[in-house]
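Going line by line, the protein sequences match chains R, S, B and C.
Residue 206 in the numbering used here sits at position 178 of the first sequence, and the numbers go up by one each step.
Residue 67 in the numbering used here sits at position 39 of the second sequence, and the numbers go up by one each step.
Residue 229 in the numbering used here sits at position 201 of the third sequence, and the numbers go up by one each step.
Residue 277 in the numbering used here sits at position 249 of the fourth sequence, and the numbers go up by one each step.
Hints are supplied without guarantee of correctness; some may be wrong.
Chain copies aren't distinguished; within one or between two, either way the pair holds.
[As the list claims (entries may be wrong)] Taking lysine-lysine pairs in the DSSO-like style, the calculated list, with each CA pair at most 27 Å apart, reads:
1) Lys123 <-> Lys102
2) Lys32 <-> Lys204
3) Lys74 <-> Lys287
4) Lys240 <-> Lys204
5) Lys204 <-> Lys30
6) Lys106 <-> Lys74
7) Lys102 <-> Lys74
8) Lys30 <-> Lys240
Think of the hints as simulated: they come from the structure by calculation, not from any bench.
There are 4 protein chains.
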Amino acid sequence: MKTKFRPSHADFTYFSKYGIRNWQGGGRASARETVGRVAAGAIAKKILNERFGVETLAYVKQVQRLIADVNPDKVRLKNIESNIVRCPDQTAAEKMIRLIEKMRRAGDTVGGIVEGIARGVPAGWGEPVFDKLEADLAKAMLSLPASKAFEVGSGFSGIALTGREHNDPFRARHGKVFTTTNFSGGIQGGISNGQTIFFRVAFKPVATVMHKQDTVDEEFHNTTLAGRGRHDPCVLPRAVPMVEAMTALVLVDHALRHKAQCG
Amino acid sequence: MKTKFRPSHADFTYFSKYGIRNWQGGGRASARETVGRVAAGAIAKKILNERFGVETLAYVKQVQRLIADVNPDKVRLKNIESNIVRCPDQTAAEKMIRLIEKMRRAGDTVGGIVEGIARGVPAGWGEPVFDKLEADLAKAMLSLPASKAFEVGSGFSGIALTGREHNDPFRARHGKVFTTTNFSGGIQGGISNGQTIFFRVAFKPVATVMHKQDTVDEEFHNTTLAGRGRHDPCVLPRAVPMVEAMTALVLVDHALRHKAQCG
Amino acid sequence: MKTKFRPSHADFTYFSKYGIRNWQGGGRASARETVGRVAAGAIAKKILNERFGVETLAYVKQVQRLIADVNPDKVRLKNIESNIVRCPDQTAAEKMIRLIEKMRRAGDTVGGIVEGIARGVPAGWGEPVFDKLEADLAKAMLSLPASKAFEVGSGFSGIALTGREHNDPFRARHGKVFTTTNFSGGIQGGISNGQTIFFRVAFKPVATVMHKQDTVDEEFHNTTLAGRGRHDPCVLPRAVPMVEAMTALVLVDHALRHKAQCG
Amino acid sequence: MKTKFRPSHADFTYFSKYGIRNWQGGGRASARETVGRVAAGAIAKKILNERFGVETLAYVKQVQRLIADVNPDKVRLKNIESNIVRCPDQTAAEKMIRLIEKMRRAGDTVGGIVEGIARGVPAGWGEPVFDKLEADLAKAMLSLPASKAFEVGSGFSGIALTGREHNDPFRARHGKVFTTTNFSGGIQGGISNGQTIFFRVAFKPVATVMHKQDTVDEEFHNTTLAGRGRHDPCVLPRAVPMVEAMTALVLVDHALRHKAQCG
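Let the sequences and hints guide you as you build the complete structure.
Here it is, written out as structure tokens:
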């Protein structure tokens with residue numbers, strides 16, 4: 029590993045950019061970097077909760093092809109933390125754990141989806157043009173190691189519907205407006221609409237596998253490399269607090285901006 | 029429309045935030061806002077092309093369930109601009125046009141996917157932590173009106189694969205490193221790896237439909253609303269230049285940052 | 029002027045940086061650039077006045093050695109606008125006008141000092157470390173064309189005093205705190221203290237004079253150059269709205285930041 | 029001190045803004061905060077020196093009315109560090125030390141001027157409009173604790189001269205352009221001109237004095253307060269590394285920006 033680039037890792041790109049790399053894995057390409065984000069997120073969550081009554085949560089929604097059944101409007105932290113894979117659907121969680129164990133034994137890895145939610149966000153947070161709420165969430169999520177995709181509300185699946193089917197009808201009760209569906213994921217035109225915000229983030233299977241793979245060395249000769257040592261077959265459970273922290277940080281920034289402009 | 033909120037439009041959220049709204053549709057929630065982005069993108073494309081030999085393109089990849097067959101490494105601008113739907117697969121383009129015409133007649137709308145690509149980006153552009161190249165692309169794309177999702181490389185579909193299957197093996201030929209697959213979409217750890225960058229952006233079906241839908245008025249009373257006047261059954265063809273422009277703007281920023289640090 | 033650099037103008041530095049220059053004078057080095065600042069400042073002043081009861085003003089305090097006698101706590105806009113030199117001390121204003129006319133006839137130029145003030149700023153605006161209120165004001169003022177210096181409160185002259193003499197004693201009356209002197213200029217530790225904010229900005233004598241001066245041409249040969257055409261012997265009266273606008277823009281930014289954090 | 033506000037200290041403004049204050053003196057209003065700036069500045073100085081051949085220095089130019097005689101083009105670090113007051117004029121330094129000792133015995137304080145210089149900056153660093161080189165230097169200096177004023181080149185004294193006297197004539201020798209005077213302080217129109225950059229920063233006399241002074245307590249009652257404990261009669265010698273660090277940080281930022289745009 030000292031002289032060979034790990035496939036699909038940040039080894040080669042760091043070397044291309046900086047002329048050096050941290051092959052031991054403790055550099056800025058390590059997910060350890062996110063510890064500061066999680067610490068800051070803890071403060072952001074506290075502000076959101078105490079000042080604005082906003083609750084942010086995240087959980088494992090999918091590991092490879094195993095999909096959990098979760099209601100974003102009802103899920104609670106204790107459900108999420110009730111198992112080591114951080115999936116609130118206990119049946120799916122057991123299957124996920126077995127799949128991850130199987131991957132560990134096979135020296136292989138799997139990816140999946142973390143779903144992030146924010147409940148209690150009032151209508152009005154977000155900016156109309158460049159700093160749309162979904163845009164800042166997307167950047168925050170794609171800045172996490174190993175993430176490859178982001179979708180809010182109906183996301184990619186919404187394109188199977190027509191406009192008539194996809195629109196979220198407004199209704200009012202006791203002077204309070206809500207939507208009867210939530211394909212928008214709680215955000216319309218960059219600004220929260222008062223419904224639950226929810227989005228999904230895809231994390232790829234971990235790059236380091238215990239099998240020989242084609243690669244090149246630092247002198248650009250063809251060679252092979254097999255991972256050794258500590259092996260992490262699935263990052264999803266540990267991505268949950270990262271997603272939650274980044275969600276809280278984005279929201280608290282927009283809470284402040286909203287308060288400055290309209291508070 | 030003057031007193032009623034269009035479902036899934038920015039009407040209600042703007043009103044919630046600012047206490048006013050531009051019901052005629054010419055405000056900041058209108059996609060007309062992107063004209064400045066496209067103008068700036070034209071300059072960015074010129075710099076990328078002349079200074080760095082980088083080519084950026086975008087095209088319609090999917091309209092509702094109609095998926096085009098396009099090779100990101102070979103597609104050319106003239107293929108994209110050869111039909112009004114801006115889809116380089118002529119067979120798919122014809123079907124898309126027919127579907128959009130059908131939707132227009134039905135007073136309904138459809139969404140789809142625009143794929144963006146950048147060819148010739150050297151290895152090394154991007155930042156290792158918060159301003160990862162994919163993070164800045166994600167924010168740029170989710171800041172476009174009606175966009176709901178972003179994925180780079182294998183994106184959501186990559187989670188069906190294991191690490192062994194998903195890793196992009198490195199090979200070298202004549203002192204030049206390349207990967208034999210490109211699930212990474214040309215970016216690893218936030219930094220370009222020299223392969224073609226490609227990503228997909230989902231645009232939802234347009235909110236304004238010619239059918240009566242449940243909604244509320246400015247006094248929060250339940251009512252219904254049917255769209256009238258100019259009707260746009262699909263934004264995808266016009267989203268193509270927006271995606272292209274934002275891609276070029278993100279890349280030229282990172283080109284400058286890279287040059288400052290490592291040039 | 030087309031091929032020769034004007035001494036102490038931005039000609040040579042622009043040419044050094046960009047390889048081109050705008051010798052006709054309409055480029056970004058022209059004070060015409062500030063028109064956008066003044067327009068934005070007009071909105072900022074309105075917000076400051078209507079929402080926060082804050083009034084910003086600026087006036088000519090000094091032209092060359094002619095110093096006006098002005099009380100920052102009492103001066104009013106109509107006093108400032110009552111003469112073409114924008115100096116509220118009418119006696120000094122007349123002398124300044126005569127001096128400027130004399131300079132015009134002599135083909136020479138003079139500089140001076142604009143004083144900026146903000147009344148009614150509540151205690152608490154500003155940030156404790158990098159974005160101190162005086163730091164943002166300093167940057168704003170030094171970004172104006174031809175400005176060379178900034179001082180807040182006692183500024184350079186405060187260093188003649190000892191701490192005992194320079195400290196502003198606090199007193200309270202009817203539950204309201206004030207200081208009996210204002211060497212601090214209304215800001216302590218980066219944050220407004222509720223007293224009148226005042227500062228001075230030095231503008232150098234205009235570089236373009238109607239006399240032959242040593243310079244070099246674009247091929248770096250020694251030559252001489254005398255200004256021709258429109259001649260502006262003193263920028264001070266026109267710097268007044270620039271200083272006022274930048275003051276209002278800095279304050280409205282800090283008003284929003286303060287409201288977000290503590291409002 | 030626990031319940032009373034120190035006059036001209038950040039006590040009252042912090043309390044006004046945050047509702048709390050750090051009366052022991054270790055908070056963000058303490059000059060200890062600048063330790064991080066000095067550490068970052070050490071790296072910036074290294075980059076400036078090794079990559080660009082730029083040298084940054086700062087020294088005590090004035091303590092109260094004692095003015096040192098220093099040539100900014102020739103002063104060296106070892107002259108500055110040869111005495112504890114960090115003034116390269118040894119005769120003035122001795123008088124300054126005696127004055128500071130006298131102030132310590134009197135329980136009083138004095139302020140002064142630190143001069144900052146940068147030699148070897150090539151023509152072309154800086155931005156033409158908002159981020160003028162002098163604007164960024166001004167903000168950096170006014171963000172330092174106890175600073176009240178900034179002037180570059182001729183600064184406030186330049187306004188005594190007419191344009192003819194103040195302009196810096198250009199001359200060329202062996203294809204290299206220079207100015208025969210340097211009233212501009214090495215910057216014209218926001219951009220460096222290749223001459224030595226020099227500027228002055230005024231630091232007020234320290235607020236904490238060992239004498240009884242009028243003030244108010246946290247309940248806004250009139251009272252008096254005399255400083256006790258550690259007493260610092262003059263911050264100037266310790267402001268020198270702060271000024272030097274901030275100079276280097278501003279310059280290295282502009283070096284990177286220049287390289288990105290024009291390098």
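* Asked: Where does the structure disagree with the numbered hints, that is, which hint numbers, in rising order?
  -> Going through the list in order, the structure violates no hint and respects every one.
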